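Starting from the known structure of chain A, arrange chain B on it as the hints suggest.
2 protein chains.
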Amino acid sequence: MGQQEIIDDSPESGIKVLDRTVLVLNVIAEQPRSLAELAAATDLPRATAHRLASALEVHGMLARSRDNRWTIGARLASLGARGADTLIDTAVPIMTELMERTGESVQLYRLTGTTRTCVASQEPQSGLKNVVPVGTRMPLNAGSAARVFAAYLPIASADAFSREELDHVRATGLAESVGERELGLASLSSPVFDSNGSMIAALSISGVAERLKPHPAAMWGTELIDAAERLGALL
Amino acid sequence: MGQQEIIDDSPESGIKVLDRTVLVLNVIAEQPRSLAELAAATDLPRATAHRLASALEVHGMLARSRDNRWTIGARLASLGARGADTLIDTAVPIMTELMERTGESVQLYRLTGTTRTCVASQEPQSGLKNVVPVGTRMPLNAGSAARVFAAYLPIASADAFSREELDHVRATGLAESVGERELGLASLSSPVFDSNGSMIAALSISGVAERLKPHPAAMWGTELIDAAERLGALL
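Line by line, the protein sequences are chains A and B. For the first sequence, the UniProt record's numbering assigns the number 1 to the initial residue and increments by one for each residue that follows. For the second sequence, the UniProt record's numbering assigns the number 1 to the initial residue and increments by one for each residue that follows.
Isolated chain A (complex conformation):
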């Protein structure tokens, strides 16, 4: 799946206006867009793109940023929040199992604008462990989960990683980082795809680098991919 997956993979429902509306929401969720950028990204005529985005703005599904780009509106953010429970409720038992099996902290990250946010977290009760409170926002240019978002979604900070590195993530379904964000900390992340094939979250294991030798993927790669796939199958 390449940088344009959201657009190329956009399914058709048989209702053209609805398909185009969803397309507009998807490309604006990737990043704020001016009219010209929106028309280019959706391949829609400028007038059509303008008409759809303006209509979505009337409903609060989109909003205008100060530089006159369309962004995700408060109303859409609110609708989405009502659905977020499902992802978290589904993830928690799988994350608990993975935490118990590996003895390491397990996190679930979602893309939130220009950051990733930890939306669920399971940590061993005691001992040397990595602690990421729910709600923590992390950068998209460092850490294994950032590589997962960069590999599967067209985010601007994907430039932080080499093409080879992201190709490797797509080929294996795994991204690693060792001592990158924090000395002595290593992590391993895998993408979670929903039943439509949309990449919607990154599932991560993180802990003391010394314990994840020779490297995190060799240690827990199979277990992590299995958990991410089981979660995706339930979404």
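Don't read these hints as lab results, they were simulated from the structure. Just so you know, these numbers come straight off a predicted model, no measurement behind them. There's no promise every hint is true.
[Claimed, not checked] Below, computed lysine-lysine pairings styled on DSBU-like, alpha-carbon distance capped at 30 Å:
#1 A:Lys129 to A:Lys213
#2 B:Lys16 to A:Lys16
#3 B:Lys129 to A:Lys129
#4 B:Lys213 to B:Lys129
Leaving out everything else, chain B in the frame of chain A:
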């Protein structure tokens, strides 16, 4: 604003299919709906409701629950998450100011399915204070923020409160609770409306009941409403 505000207030953009699509998303975000319930809530013909919801399901914007009701889909939850940053980024400076002015903890709650979730939190650095970590999910049938959601949104647990109480919340823009969820804890909440008039969050002050005498609204009502309005004006 009554229990049906989302539906009655639904604006018209001039694109009928888009307006109906947004209407379907809105009523399903309120609560999962069967086809019959969806048709009734939207006032759309059964065939139209089915066609729109099925098309949204193709895009992952809606999903089917085990009891064959449509719910918010993982894709929509994911789009919304990318917009949630805006609300939080806008709220934090206003919340910090309110926390400094009142000396009490300040929280921002959003409706997430059948719970409310604390999405931002500002707490005094020291002393006796109420602590609500970001990500905490709370009930919708207790506490002042629950009353705010019940007063403005058609949620099932609104039954937990009397009609008079919710009318009072709508008349004053304030809800109180004293020693309800936790002994010695009091809180005061006010709705946050975006520029489309949609109620999208509840802003709360909470702390030791003893300090919020004679009652929370008398103590900090003006300050809280002012902060909630300033936040809404920026959304």
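Against the structure, the hints come out as follows:
1. As the CA atoms of lysine 129 of chain A and lysine 213 of chain A are separated by approximately 16 Å, the hinted pair is consistent with the 30 Å bound.
2. With a C-alpha separation of about 12 Å, the suggested pair lysine 16 of chain B and lysine 16 of chain A falls inside the 30 Å cut-off, and the hint holds.
3. For the proposed pair lysine 129 of chain B and lysine 129 of chain A, the alpha carbon gap of about 28 Å is at most 30 Å, so the pair holds.
4. A C-alpha spacing of about 16 Å is found between lysine 213 of chain B and lysine 129 of chain B, which places the hinted pair at or below 30 Å, so the restraint holds.
Checked against the numbered hints given earlier, the structure satisfies every one of them.
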